[in-house]
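*Asks:* Here is what each chain is made of, one letter per residue.
Number of protein chains: 2
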Amino acid sequence: MSLVVINKIDEIREIIKEYKKQGKSIALVPTMGCLHEGHKSLMEKAHSIADITVISVFVNPIQFCPGEDYDRYPRTLEQDKIVAESAGVDIIFAPSVNEMYPNLQKFSDLTMVVPPYELTDIMCGKSRVGHFDGVETVVTKLFNIVQPDFACFGMKDIQQLFLIKKMVKDLNIPVEIIDCPLVREESGLALSSRNKYLSETEKTDALTISKSLFAIKESFKIGIKYTKKLFDVCLTNLSKNVELEYLEFVDADTFKHTDTINSKTICAIAARVGNVRLIDNIILEV
Amino acid sequence: MSLVVINKIDEIREIIKEYKKQGKSIALVPTMGCLHEGHKSLMEKAHSIADITVISVFVNPIQFCPGEDYDRYPRTLEQDKIVAESAGVDIIFAPSVNEMYPNLQKFSDLTMVVPPYELTDIMCGKSRVGHFDGVETVVTKLFNIVQPDFACFGMKDIQQLFLIKKMVKDLNIPVEIIDCPLVREESGLALSSRNKYLSETEKTDALTISKSLFAIKESFKIGIKYTKKLFDVCLTNLSKNVELEYLEFVDADTFKHTDTINSKTICAIAARVGNVRLIDNIILEV
Chain A
720 MSLVVINKID EIREIIKEYK KQGKSIALVP TMGCLHEGHK SLMEKAHSIA DITVISVFVN
780 PIQFCPGEDY DRYPRTLEQD KIVAESAGVD IIFAPSVNEM YPNLQKFSDL TMVVPPYELT
840 DIMCGKSRVG HFDGVETVVT KLFNIVQPDF ACFGMKDIQQ LFLIKKMVKD LNIPVEIIDC
900 PLVREESGLA LSSRNKYLSE TEKTDALTIS KSLFAIKESF KIGIKYTKKL FDVCLTNLSK
960 NVELEYLEFV DADTFKHTDT INSKTICAIA ARVGNVRLID NIILEV
Chain B
720 MSLVVINKID EIREIIKEYK KQGKSIALVP TMGCLHEGHK SLMEKAHSIA DITVISVFVN
780 PIQFCPGEDY DRYPRTLEQD KIVAESAGVD IIFAPSVNEM YPNLQKFSDL TMVVPPYELT
840 DIMCGKSRVG HFDGVETVVT KLFNIVQPDF ACFGMKDIQQ LFLIKKMVKD LNIPVEIIDC
900 PLVREESGLA LSSRNKYLSE TEKTDALTIS KSLFAIKESF KIGIKYTKKL FDVCLTNLSK
960 NVELEYLEFV DADTFKHTDT INSKTICAIA ARVGNVRLID NIILEV
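Listed in order, the protein sequences are those of chains A and B.
Residue numbers for the first sequence, in our numbering: 720 to 1005.
Residue numbers for the second sequence, in our numbering: 720 to 1005.
Next up, chain A with everything else stripped away, as it sits in the complex (with noise of 0.2 Å):
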């Protein structure tokens, strides 16, 4: 079956059915394109696990805050269908924003999907206010276009994870979700569509979150536990063109922060390059 491409809601609802009806499994991954490596490892387990793979392309507006960079957000259809088809997915919904949110004259006229304000006052959520509702949102509504039997999410993006995982739990949606690594460049940077942002200078500058990142992990290995430790090596090996907005420890299970490492640790960070806001994050595991 080769690649098609959806821009109606209507349109995939009925194709959707007609899969439904045959008993077949749908996977779903739901990206804003500019699709990179890390997402197709993404598409290639949903692909593994299910008999039709989905993958959204869509911008969403009502996940950037004021400020953010929606606008000059890169868009690549073209070039985003070659990777999709290549990692085995048999459907981009790509709708317009009018087709997600007809008329829409203002984002507070929506029904929002909202997280716990304690596991969003933490990390991402703090800076990006606002941001995770916006997400929570729009997957809800593509979870209910696609009816998904699995989506897939990637672990780079922990917070939304974790806060995707709570909402399906919270609300009984019947999909399972699907944890899928972080994908890094051999020199250590996590693959990101903003990553396109970077001159070569600022790459250099941003390879210094993941060094730091692994120094953290290294000096864990060796006995330093105490989080507040964690955090100076991690500001020794920061570059000192790179703004720390977050370095956070928090626990895997229940997203509160953690002061010594324990059981499953996650050490999470956002940096800002230049212009270009980053994120990354690694576990400790005992």
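Treat the hints as calculated values from the structure; they're not laboratory data.
Keep in mind that a hint or two might mislead.
Identical chains blur together in the list; that is why a pair holds if it fits in one copy or across any two.
[Claimed, not checked] Capping the alpha-carbon separation at 20 Å, the derived lysine to any residue pairs in SDA-like fashion look like this: (1) Lys736 to Val894; (2) Lys884 to Pro821; (3) Lys736 to Glu895; (4) Lys825 to Pro835.
Given the coordinates of chain A, work out where chain B should sit on it, guided by the hints.
*Replies:* Just chain B now, kept in the frame of chain A:
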């Protein structure tokens, strides 16, 4: 087929899955139990449009505000079974609080579905802060558990009906919402589970609520279209023992306030008789 009562989410999911396989359509009537003729009309409607009628009976704690009647809300499952069976219901889904909200410490730990602020800062939403967040969240959960083709809601809870329809549209929920008319006693009193709380004298006072709405409709029919005038008509008819919470005139299509009656205006009232909060409404069709 005779009525079954199911308490577990996994169990009802299995049953529904089997019906879906057989190509049967499903209608859901979400209730908090204490079923009366109003509910019966919803269940009969559901029974008339779908192969399988499911009702939920669940007194949803997260839609009650502090100080409201959650604890004393009537729970009458044995009686409800008789009413449901007589209305052609196939399945009662009656989960425990822990089944719906496992190990919940506090409401703010939950992912919530939240209607737009502008539509909840009026009428019942204004005094019952957070009420509609609780309603939309539990209805979303029930939709995800039962996956009905249709869901029937009564027009007595007119703001709830409007918000649920908006939610379904905004979140692309694959269910068709069926409006069902408000049902009244012969006396005019709108049927409500909370009528059970009323003493005989309170019931006499309560009757002036519907009486005042009918008077407004009569005044409108003879040409009074200015809502301030119609407000006075209400006050003239309302018993002195009835404490008015609100009388609001909103447009049926937008739920925005209207100063003069136009195409379709809803006139909605909430009032207290003793400790009992009652609501009612009437549509002033041109």
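*Asks:* Indicate, hint by hint, whether the structure satisfies it.
*Replies:* Hints, one by one, checked against the model:
no., hint, verdict
1, Lys736 to Val894, "both (16 Å within a copy, 14 Å between copies)"
2, Lys884 to Pro821, "between (28 Å within a copy, 15 Å between copies)"
3, Lys736 to Glu895, "both (19 Å within a copy, 16 Å between copies)"
4, Lys825 to Pro835, "between (23 Å within a copy, 11 Å between copies)"
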